[in-house]
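> Sequence:
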Amino acid sequence: MLKDNNILFIVNPISGIKNNKLLAKKIVQILNDNDINVNILYTKYKNHARQHVCNMDNALYQSILILGGDGTINEVLNGILLREDDYLPTFGFLPGGTGNSVLHDLNYLEPISALEPILNNRVKYIDVMALQFSNHLEYSINILGWGLVSDIAILAEKLRFIGQMRYDFASLYYILKLKKRDCTLIVDNKIYTDKYIFLLIQNTIHTGKGMKAAPNALLDDGLIDIVFVNKKATRLQLIKLLAKLSSGSHIRSEYVQYEQIRKIKLLPTMDEAVNIDGDVKNQTPVEVTVIPKKLPIYY
Numbered sequence: 001m002l003k004d005n006n007i008l009f010i011v012n013p014i015s016g017i018k019n020n021k022l023l024a025k026k027i028v029q030i031l032n033d034n035d036i037n038v039n040i041l042y043t044k045y046k047n048h049a050r051q052h053v054c055n056m057d058n059a060l061y062q063s064i065l066i067l068g069g070d071g072t073i074n075e076v077l078n079g080i081l082l083r084e085d086d087y088l089p090t091f092g093f094l095p096g097g098t099g100n101s102v103l104h105d106l107n108y109l110e111p112i113s114a115l116e117p118i119l120n121n122r123v124k125y126i127d128v129m130a131l132q133f134s135n136h137l138e139y140s141i142n143i144l145g146w147g148l149v150s151d152i153a154i155l156a157e158k159l160r161f162i163g164q165m166r167y168d169f170a171s172l173y174y175i176l177k178l179k180k181r182d183c184t185l186i187v188d189n190k191i192y193t194d195k196y197i198f199l200l201i202q203n204t205i206h207t208g209k210g211m212k213a214a215p216n217a218l219l220d221d222g223l224i225d226i227v228f229v230n231k232k233a234t235r236l237q238l239i240k241l242l243a244k245l246s247s248g249s250h251i252r253s254e255y256v257q258y259e260q261i262r263k264i265k266l267l268p269t270m271d272e273a274v275n276i277d278g279d280v281k282n283q284t285p286v287e288v289t290v291i292p293k294k295l296p297i298y299y
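For reference, each letter of the sequence shown is one residue, going 1 to 299 in the numbering used here.
Simulated from the structure, these hints should not be mistaken for lab results.
All residues carry an ideal CB built from backbone N, CA and C; glycine is no exception.
Errors might be hidden in some of the hints.
[As the list claims (entries may be wrong)] Label-pair ranges, simulated between beta-carbon atoms:
id: 1; residue 1: Ser246; residue 2: Lys177; range: 19 to 27 Å
id: 2; residue 1: Glu116; residue 2: Arg262; range: 29 to 37 Å
id: 3; residue 1: His52; residue 2: Ala130; range: 17 to 25 Å
id: 4; residue 1: Gly163; residue 2: Asn189; range: 42 to 50 Å
id: 5; residue 1: Lys46; residue 2: Lys244; range: 32 to 40 Å
Sequences are here, hints too, so could you generate the full structure?
Rendered as structure tokens:
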């Protein structure tokens, strides 16, 4: 039990179905009933959580609890790991976003049941991916996507006014375009140069809403899972392939290469945006390296 432990509870009130404020009150009551002290931060703008944890006093909190989506988790992760000191609180995750990819891997999709490892102080260490761009470093515990998956995310954001259907429209549009990009991949000690439709670099099994994009991934195996789709796939084959993501059976396709590695460098012929934990930002080239068992989490 985390009695007398001070927890910072970061809540993204507009993430997911946008009822996180009400849910947060219930969670705080449960924690208080178990003699756990909680201070709440409701995020008000993009990168609010990142800025707050990056600059706060490292003596204030032993744990950080996050109610939000994968993007909120990413903000807090980078705010902590990019600090100038060695402060490393234990992270707790509660499902409050749209995709909740990390929570799918942890199998905690109901917020109240996700409190169980926190109340019982059950901790494990998971891997982190270090993302080295040309002029800065970032971190992720989920996914980096390039190619078709980034194109879809960019267009879907512009179509936000049409609701959840925006992803279907964006996906169909870019499948019909079927853009194939020239790229060199340096994978551990191997070099691949070809045209690719998309690439996923994952620490988690899941991406999006429960899609098993990297079905063999483990959060603490010291490996990165990569999935890349080659130029031979036609539009119809790509549609069939994407339909198999929910089960993870896409990795058996002749158009997919799936590997478990420790380092990958992505070198497209043109600099392009990448999708990091659901947010499209930064530009290639990028080198991704696994840091084994770096982050303590309640599990």
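> For each hint, tell me whether it holds in the structure or not.
Going down the list of hints, with the structure as the test:
About 23 Å separates the C-beta atoms of Ser246 and Lys177, a value consistent with the hinted range of 19 to 27 Å. In this structure the supplied range 29 to 37 Å holds for Glu116 paired with Arg262, their Cβ-Cβ distance being about 33 Å. His52 and Ala130 have their C-beta atoms about 22 Å apart, which keeps the hinted 17 to 25 Å range intact. Under the hint 42 to 50 Å, the C-beta atoms of Gly163 and Asn189, about 46 Å apart, fit the expected range.
Between Lys46 and Lys244 the beta carbons are some 33 Å apart, a value that agrees with the proposed interval 32 to 40 Å.
This entry satisfies every hint, going by the numbered hints stated previously.
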